[in-house]
Amino acid sequence: MELTAVSAATGGLLQVATGGLLQVATGGLGQAGEPALAAAAPEPVFQSVLSVFGGILADPFPNGIGRYAVGGLLVGLGAAIIYLGTGIIAGASTFLESTLSYVSGKPRFQRWRASRDWRVVFTLGIVGGAAVYALVFQGGPWMTEVQWWRLLGGGVLVGAGTRLGKGCTSGHGVCGVGSASVTSIVNVVTFIAVAVGTALLVQTLGVTP
Amino acid sequence: MSKRHPLFLPLILAGGLVFGFGLAYSHMARPEVVLQFLQLEDFGLLFVMGGAAVVTATVFALATRADGRAPLTGRVYRRRMRSLDRNVLAGGLIFGVGWGITGICPGAAYASLGVGNLPILWAFVGMFVGAYLQGAVRGRRADTDTPAASAD
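Chains A and B supply the protein sequences, listed in that same order.
Heads up: the first sequence at position 111 corresponds to 111 in our numbering, and the numbers run straight through without jumps.
Heads up: the second sequence at position 61 corresponds to 61 in our numbering, and the numbers run straight through without jumps.
Just chain A, same shape as in the assembly (with noise of 0.2 Å):
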């Protein structure tokens, strides 16, 4: 009860602050000489800002936390099992580079050829991981709505910046994080930070989900 109150009047600060902050904005474009436009158009844009906090605010955690406390402690198991049985910090991007090296002679994809099998088993185990919970808990297959041309266009900068950034959401966030380390820290912050507004911009464009 009390939890909804708060967010209530937080809520309630928000709006008065968009509203004033609108005011400013028409209030300046006007001023600029477009007014038809401009005085139009901020006002969504606003309202969608207001509905998303106000939303997360409200109900952070609208699916519960179980399923996803619960899977990311087997995350964090499947890491520890290869370490601890092998010494072996397994981040998943690295698969990217070391399977390249089957196909392609570039001395930048060379020296992953000592652990490119293994890297193809770790990947192997992840995708039948998968399987096996759809097997059990899915009851099928399960099929993403997202367009394939974003998997396709974002997947190459996936490819890309998770491999200069050396290391991914395993690496950096799963891994170097448990590490302490600065800079796996300094990398996660960039890409969850980069990647909200990204998403949040890409929802404002109307595309969909």
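None of these hints come from the bench; they were simulated from the model.
The structure displayed is predicted, hence computed values, not measured ones.
Any given hint might turn out to be false.
Covered stretches of chain A (chain B as the covering partner; in silico rule of three or more C-beta atoms under 8 Å from a C-beta of chain B) [as the list claims (entries may be wrong)]: (1) 103-114; (2) 131-141; (3) 194-202.
With a cut-off of at most 25 Å between alpha-carbon atoms, the simulated DMTMM-like pairs for lysine to aspartate or glutamate come out as follows [as the list claims (entries may be wrong)]: (4) B:Lys3 with A:Asp117; (5) B:Lys3 with B:Asp67; (6) A:Lys106 with A:Asp117; (7) A:Lys106 with B:Asp67.
No residue lacks a Cβ here, since even glycine has one placed at the ideal position from N, Cα and C.
Got chain A sorted already, so can you dock chain B onto it with the hints?
Chain B alone, transformed into the frame defined by chain A:
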């Protein structure tokens, strides 16, 4: 590498299975759920990353302190440390844009294929192309760039 412990690959597979099951169980294999986090509608992802990091932090701390070696490789237990340079920031930025557009990261993409999400193969093609392009560009640009000493 030819004299590997016979349990090396089976253990990697076992770890991968648990890792992938966890990604699917947490719904991170579904780009829509990751996008819900990035669009500030469901903060559950923080518990996935946080929960996993708590486990690795505990295991790393205990193993590095115990002063032992890994049974299957004889490796000394170390933490994951990388040097902080411009590439870490630039890479994080590029990855962030890609993650925001798609809601997929490499590990979650592999798991996504496992839950039957065939369209994710588009992302596989994209990620390999991206990894190849950055390797090709960097290989041409900087031969002075020190190759990573670690093989992990």
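> Okay, which hints does this one fail, numbers in order?
Replying inline: 7
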